[in-house]
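Undergrad: Below are the chains, spelled out letter by letter.
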Amino acid sequence: MPPPVRRIAIDRPPRVLPPSANGAGATAAGSPNPRRRLARPPVSDVIERMRIESVSLAYGARWVVREVTLPVRRGEVLALIGASGSGKTTLLRSLNRLTEITAGATRAGRITLDGEEIERLEVNELRRRVTMVFQQPNPFPMSIFENVAYALREENHGIGLGRARRRRSRRELEPDVVDALVRAGLYDEVAADLDHPALRLSGGQQQRLCIARALAARPEVLLLDEPCSALDPLSTATIEELIVGLRESVAIVIVTHNLQQAQRVADHVAFMHLGELVEYGSSEQVFDNPRRERTREYVSGAFG
Amino acid sequence: MPPPVRRIAIDRPPRVLPPSANGAGATAAGSPNPRRRLARPPVSDVIERMRIESVSLAYGARWVVREVTLPVRRGEVLALIGASGSGKTTLLRSLNRLTEITAGATRAGRITLDGEEIERLEVNELRRRVTMVFQQPNPFPMSIFENVAYALREENHGIGLGRARRRRSRRELEPDVVDALVRAGLYDEVAADLDHPALRLSGGQQQRLCIARALAARPEVLLLDEPCSALDPLSTATIEELIVGLRESVAIVIVTHNLQQAQRVADHVAFMHLGELVEYGSSEQVFDNPRRERTREYVSGAFG
Amino acid sequence: MHAAPAGESSGARPRSPAPARSGTQSDRRTERVLGALAAGVLGLIALMTITVFAKAWPSFSHNGLTGWFQSGGDVDQQLREMLTSGTQGGHPTYHLRAWPLLWGTILTTGLAVLIGIVFSTFAAIFIVEFAPAPVRRVIEPIVRLLGGVPSVVYGLIGILAIAPWVNHHLLSESRKSSVEYLVQLAGSNLSTATLILTVMITPIMVAIVSSSLAAVPGPWTEGSAALGVNRWRTIWRISLRTARPAIIAAAVLATARALGEAIMLSMVSGGRGFAANPIDGITFLFEPVRPLAATIVQNSEALSAPSLGRTLYAMAAVLMVSAALLSLAGWAAKQPLKRYGIRA
Amino acid sequence: AARALLVDGSTSVFPLATQLAAAYHKAFPKLAKPKIGQGQSDAGINDVASGRVDIADVSRDPIQGVDPHGLIFTKIAQDGICLITNSANPISNLSTQQVQAIFTGQTRDWSDIPGSKVSGPIDLFDRDGASGTQDAFQNIFLGQDLKVSPSATAETSNGLVQNAVRSTPNAIGFVSFAFTEGVNAVPYQGIPCTLRNAKSGQYQGVRNFWMVTKGAPKAAASKFLKWVTSSHNKVARRIIASNWIAIH
Amino acid sequence: MATRATPLTAPGGAPLAGRPRDSIAAWPLADRLGYLTCWAAGIALCLVTAAIVLFMLVKGISYLRPSLLVQSPQGSLDQSKAGGFLDPIVGTLLLTALGTALAAPVGVALAAWLSEYARPAWLARTVESGVEMIAGVPSVVLAIFGLLVFSQGFLSFLSQTSAGGSVFGKSFFAAGGMMSLLALPLIVSSTREALAQIPAHVREASYALGKTRATTIWRVLLPSVRPNIASGVTLGMGRIIGDTAIVVVLLGATLQTEGAGGAPLLSTLRGTGSTLTSYVYTNSPTGEGNAPQKAYAAAFVLLMLVVGLNAIVTRLSNGPRATNAERSPLRRGLRAVRTPWTR
Ligand SMILES: Nc1ncnc2c1ncn2[C@@H]1O[C@H](COP(=O)(O)OP(=O)(O)OP(=O)(O)O)[C@@H](O)[C@H]1O
Ligand SMILES: Nc1ncnc2c1ncn2[C@@H]1O[C@H](COP(=O)(O)OP(=O)(O)OP(=O)(O)O)[C@@H](O)[C@H]1O
Ligand SMILES: [Mg+2]
Ligand SMILES: [Mg+2]
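Protein chains in written order, with my numbering: chain X, 3 to 306; chain P, 3 to 306; chain F, 1225 to 1568; chain W, 1221 to 1468; chain E, 46 to 388.
Okay, chain X solo, but in the shape it has when bound (with noise of 0.2 Å):
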């Protein structure tokens, strides 16, 4: 018999089917057509939340994405599609400004949050309330706590202005920072041992912990960059859930190479094809019968 397993966090064995993923086996059991929709809650109202205005990207003078316009709502996934180098990423990153710290990337055409220019608004207020998940995990060298906290903690402190705000203390932010932790559906993993470090989850662990991370800062969009690329069919059954779940209350805008995952999970899609926006519309529609050849291609090579 091999010797009794050491039970904490970081080598207890990772969520199998019985007893703790049965969430999982539920939606997956018994239905062997991988494209069937996941079982979605209602929505009470669609909002458009930003708007893409024939925006397009350049890395210095080579325009990587052309001229695209895109609708992003409450209420509803958004998933972004194509292959690789077609500017997803680019796009993405373009939502929150994030690519106004890559040299040399140049913007044109308008975005906006709620009918303002992104430029207009404060950029770190922006990216508060449009914050982003990353393709690999990367949570902060602290505690599972701390990360959670980091995202919660409103002070900004810069040299002069000082921590003028107060730092809220642990016993405040322990609700938002569980709650977070909850939805993003990794609390009863790490419950017991918040205070280790976060690097030593598991990678599945790692990128929910990212994911709670985002929503802890109650963004109103969430942008999510192949979030489930490094992670196994359970993991991604979760974070699947978690996504479809959090439509209601937030605007989520997902980039994926998993077509099935596309399908599972989006209400709209967007395929682009280097760097122009080849078709968009709903989830059903374009993958059942897409007007564009490019499209059909691609999506009837169903790989991946």
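There could be a bad hint or two in this list.
[To be verified] Some residues of chain X that are not near chain P, with every Cβ distance over 10 Å (derived): (1) PRO43; (2) GLU50; (3) SER56; (4) GLY87; (5) GLU118; (6) ARG170; (7) SER171; (8) ARG173; (9) ASP190; (10) SER231; (11) LEU261.
[Said to hold, decoys possible] Only pairs whose alpha carbons sit at most 25 Å apart, straight line, appear in this in silico SDA-like list of lysine to any residue: (12) F:LYS1562 with X:GLY106; (13) W:LYS1446 with F:ARG1252; (14) W:LYS1246 with E:GLY128; (15) F:LYS1558 with W:SER1387; (16) W:LYS1250 with E:VAL265; (17) W:LYS1337 with F:TYR1405; (18) F:LYS1400 with W:GLY1325; (19) F:LYS1562 with P:SER251; (20) W:LYS1367 with F:LYS1562; (21) F:LYS1562 with X:ALA105; (22) F:LYS1558 with P:ILE103; (23) F:LYS1400 with W:LYS1250; (24) F:LYS1562 with W:LYS1250; (25) W:LYS1367 with F:LYS1558; (26) F:LYS1562 with E:VAL265.
[As the list claims (entries may be wrong)] Which residues of chain F face chain E? A partial, calculated answer using Cβ under 10 Å: (27) GLY1291; (28) THR1479; (29) ARG1481.
Derived from the structure by calculation, the hints contain no laboratory data. From a predicted model like this one, the values you see are computed outputs, not experimental measurements. Heads up, the beta-carbon is just placed ideally off N, CA and C, and yes, glycines get one too.
Since chain X is already given, all that's left is putting chains P, F, W and E with the ligands on it; use the hints.
TA: For chains P, F, W and E with the ligands alone, kept in the frame of chain X given last:
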């Protein structure tokens, strides 16, 4: 007119179906069912190269792989599937003794290459014959050419008393490098700029570069750990064709989370769960009528 | 190659978007404060440089740049004359041919750094890659400790322990008399100085190099191992390559340290402005030298003597310039590595 | 509060100065306590000239043209300089000519020196140019026109010379009185190099210790200097006489 | 690890794979030579270190008497009979604290600016070279320059004023100021190195949460390079503790720390004093004190101080919130620099 695009590979648009990938097009187009196997060239003969006999692996005192027995044959592709943490990577790494690098990893059981126990072999010799491609693309911080040439340059520092370390000139290496790049389906994209830093390539290109690097060493067994998880459908297609094409000359083991992929490329499939080998059989058998309950649950809830 | 994008004409030139408000007040304030701080420090340094050069000017102008760096005559003699020059109301003399001092600096610094780099690179590899955990845990703080040992202590050990030993065991009568008429050999000499200097600068280099060796991304080394490249070659081709910026940085710091080291060298370098001569074979290693910095310290008593003082400042100026050039060189050496994704 | 009386300068004078200062403060606790720093003779001269300190201890005689104008040198004591050789080579006497021959490099081998117990090349140990001791040695033993052989090893301090001579059989050098331990102090002109002989004035190799002020010593400074130099001040006399030569 | 103490038994009771044959024997000669060189270098390092430490230990202990630690030094020609070195110890601690307190924040701030802002580029480049240049300037030059600066009238409050009415310019403040300049290069470079190694996506993750650069630097970047800052600071402290010229020229090297003016600490800081290093210097044959035994004893105490200070810094570098895991050897010292993301 947008300014002319500088045509260096990093900029070069990813391969689109016509003309270069019509191979992929052929297998893909008009076939809505992703489960269809790839068109596979007939294999002359199937020979067993490696044998895993009741192998168990532990990290510290914790057994993460238990009593696994598997054959690895040239002429066919073996796919390892299973939920996260089920020990796939660990098992894979033990095949060329990469587990020895990890502190506290222990192994029990026999692993043989052509009937010879692998710990009898000189470890670097073994790893040269049994090479591995990792999940995260990890090109070295050198030029594209040097990355592929790396294995070649080093290999003549093989066993034996200080064999004269005559640095092979670039001219000598060129053919092998190019050949490897071609086989990895990367050549046309980077031909123009073999001297560019490998780290400037896009994710998909980097992964294919890593495969080229591995192929350049002309291994006898090729281990792939989720090689496509970060790739888009088209790159994935290229690599899957490559794998199927290679199995003629190289024994291939691939770990994947993507069941469709497993079905497309694998001749035999091994399903692992919590370190145990639950089921092993031909691809059709495992997917279409799995013997074990667990297996059916897993393959039916086809997330990925 | 692909159809022209619709309405591309509008996307023709990067219309830089509306003046973007970047960063909050606090952030911009932070940048300004930090920038100001940097500028302040720079200002201080500049002020110092200017002061030194202003004071140094006469020495250079009297000898002419070429003359100053040439050899000719006995430099110690020249320095002595400066000290007493201006006595009996005569004009202060600035005549100086500083080559022996420069040569001394080049020798001690160069040798020490060369040995030091090779040694500490290997030592660092040992600490990071091969040393058993307990050894590592012991050696790491001790290396730091060595970095903290004052140069005076090294000097003390040098003159009380090493120099006498060298004098007794390595210097034969015959060797001494062989150069008797030129220079007198004693326990404190080029090799002693170099040895101690090396020991002094090694810890810094070991610390910096090993820290960056430890930071080499695991995937790179693993990737190399997976190709059947043995551990040593992996370290050699991947780790060292990645750590090169750090090695350069270490070299720069160490060289600067060696250039500036004065007290210890003034104790054990032999204290003669003599241009040790490689032609003398082994004896060369035992000939006395006196680097610039040591010269400054030894004569710092005479800073008030008009011409000697100026001359000492001139030496300081030379050291400053070489240190600055050094850092530029280090910077230049790092550039090519950047493009391959090695962050420096 | 009364301002401090800042004293700075030669390390050779430092020990004497500190003892004097301590005694002075004991005697007159009310008056400004002298604070003795140590640097070098010329640093001291600089400081006092620029008014940074009130008094400078100086171990070398004034040099016209080098010293800033308007400095007043007050002689407070004398120190002796001994020729020393390795204890393996207890020479009984050296004449002025011999000393000059040896240090100018005319005589290069001990075998040419009668009474030396060793043979082989002579190892000369000189002091660096700026040293007060060197200056004194130059004036007392060589005179203005002779120069120490350039091949000599220049040490930066008495201690280093002592140390070098102690560890080198063939060595000869010169140091102040206090540094003759462990080495052989060579009699000069037949007179052993001892404090007594120096006091009695027989031994020639003596140099001066000065306290320097800018212009005539002012309030605090003058008080201190008067106290140090007054001929009927037992305390100061005793302190000076302990290791040096009182002159008042 | 502890659990390995009990021999593992494989699930199937299969025998554990024997410890694999060491493959080094199979390496090419050149590689094995390299490998041996490494061990040689490592062992040499250990030996040299041990030699120095032992030498100081023996010499030091043999001359060290407790009384030395508590007595103040007395002025006397023969230092071997004149008191202990209490004041130098105090002086060393004061000066080091002062210098480090000045250098560490400035150094880290500079490093942060260089690696995160660095605008305008030319300024950044110049600052970088300037700072590195300091490392190459003999400290005596710094000292003389410092004397010029600190004897300016408007800085009189940092030192004392002579009866003659002009500023002394020698004090702990003055010395500390220049010392901090001495330590700057080491702190800046080691911090910069580390900041440069943090992957971009970590910064982006923070920006994406709407955090300013300032916050990102303060809350994410600096915490993760704490160990490097620590080693930089320790090296810097080494320079400070070890310097003589500045002490002699800017601190007066008076035997006893002599305050100036009323306020307790302030007066000391405005006053003159000496450090163990200058004490060693003046008591070594180099100086006039000429009491090697005391020099050794003091040098030994000096080393002990260095050890203590290093320990403190390392401790601090692990931070208040550090969990046990983070305080593990891996996260400490040289190894600590392995940035978390490079796993
Ligand atoms: N920092 C950069 N500098 C220059 N070019 C860049 C940069 N980042 C991306 N690119 C180029 O811009 C194009 C679009 O890149 P982007 O990452 O947006 O594509 P993507 O759709 O996200 O690809 P993937 O699916 O692989 O993530 C690519 O050709 C890429 O080479
Ligand atoms: N270096 C390690 N030290 C300790 N435990 C480890 C280590 N690497 C992996 N494990 C544990 O071993 C188990 C198997 O890990 P492994 O990576 O083989 O699973 P996997 O099937 O590859 O998962 P995935 O599909 O996510 O890659 C996991 O529980 C993991 O936590
Ligand atoms: Mg992308
Ligand atoms: Mg894995």
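Undergrad: Could you run down the list of hints and mark each one as holding or not?
TA: Hints, one by one, checked against the model:
The claim that PRO43 of chain X is not at the interface with chain P holds, since no C-beta of that chain comes within 10 Å of its own (minimum 20 Å). Every CB of chain P is more than 10 Å from the CB of GLU50 of chain X (nearest about 29 Å), matching its label as outside the interface. With a closest Cβ-Cβ approach of about 14 Å to chain P, SER56 of chain X is found to remain outside the 10 Å limit, as its non-interface label requires. At roughly 5 Å, the least C-beta separation between GLY87 of chain X and chain P is not larger than 10 Å, which violates its mark as non-interface.
Listed as a non-interface residue, GLU118 of chain X keeps its Cβ farther than 10 Å from every Cβ of chain P; the least gap is roughly 28 Å. Distance to chain P confirms ARG170 of chain X as a non-interface residue, since its nearest Cβ pair spans about 35 Å, more than 10 Å. Against chain P, the non-interface label of SER171 of chain X holds: every CB pair exceeds 10 Å, the least being about 36 Å. For ARG173 of chain X, the requirement that its beta carbon stay farther than 10 Å from each beta carbon of chain P is met, with the minimum near 35 Å.
Against the 10 Å criterion, ASP190 of chain X stays outside the reach of chain P, whose nearest CB is about 17 Å from its own CB. SER231 of chain X, annotated as away from the interface, has a beta carbon of chain P within 10 Å; the closest lies near 5 Å. Taking the minimum C-beta to C-beta distance to chain P, about 7 Å, the non-interface status of LEU261 of chain X is violated against the 10 Å cut. For the suggested pair LYS1562 of chain F and GLY106 of chain X, the alpha carbons sit about 18 Å apart, so the restraint of at most 25 Å is met.
This hinted pair does not check out: LYS1446 of chain W and ARG1252 of chain F have alpha carbons roughly 64 Å apart, beyond 25 Å. Of the pairs offered as hints, the one joining LYS1246 of chain W and GLY128 of chain E holds, with about 18 Å between alpha carbons and a cut-off of 25 Å not exceeded. Taking the CA atoms of LYS1558 of chain F and SER1387 of chain W, the gap is near 48 Å; set against the 25 Å cutoff, the hint is violated. About 59 Å separates the Cα atoms of LYS1250 of chain W and VAL265 of chain E, which puts this hinted pair outside 25 Å; it is violated.
With a C-alpha separation of about 23 Å, the suggested pairing of LYS1337 of chain W with TYR1405 of chain F holds against the 25 Å cut-off. In summary, the hint linking LYS1400 of chain F to GLY1325 of chain W is supported, as the alpha carbons are separated by about 15 Å, within the 25 Å threshold. Our distance criterion of 25 Å between C-alpha atoms is broken by LYS1562 of chain F and SER251 of chain P, whose separation comes to about 39 Å. In summary, the hint linking LYS1367 of chain W to LYS1562 of chain F is not supported, as the alpha carbons are separated by about 59 Å, beyond the 25 Å threshold.
Note on LYS1562 of chain F and ALA105 of chain X: the hinted pairing holds, with a Cα-Cα distance of about 15 Å set against a maximum of 25 Å. Of the pairs offered as hints, the one joining LYS1558 of chain F and ILE103 of chain P is violated, with about 31 Å between alpha carbons and a cut-off of 25 Å exceeded. Straight-line distance between C-alpha atoms of LYS1400 of chain F and LYS1250 of chain W comes to about 61 Å, which puts the hinted pair past the 25 Å bound. For the given pair, LYS1562 of chain F sits about 69 Å from LYS1250 of chain W by alpha-carbon distance, which is inconsistent with the 25 Å threshold.
Distance restraint check for LYS1367 of chain W and LYS1558 of chain F: the Cα-Cα separation of roughly 52 Å exceeds the 25 Å cut-off, and the hinted pair is therefore not satisfied. Taking the CA atoms of LYS1562 of chain F and VAL265 of chain E, the gap is near 24 Å; set against the 25 Å cutoff, the hint holds. Of the supplied interface hints, the one on GLY1291 of chain F is violated, with its beta-carbon coming no nearer than about 23 Å to a beta-carbon of chain E, more than 10 Å. The interface hint given for THR1479 of chain F holds, since its Cβ lies 7 Å from the closest Cβ of chain E, which is under the 10 Å cut-off.
Contact between ARG1481 of chain F and chain E, as hinted, is supported at the beta carbon level, the nearest pair being about 6 Å apart and thus within 10 Å.
In summary, the numbered hints that this structure violates are 4, 10, 11, 13, 15, 16, 19, 20, 22, 23, 24, 25, 27.
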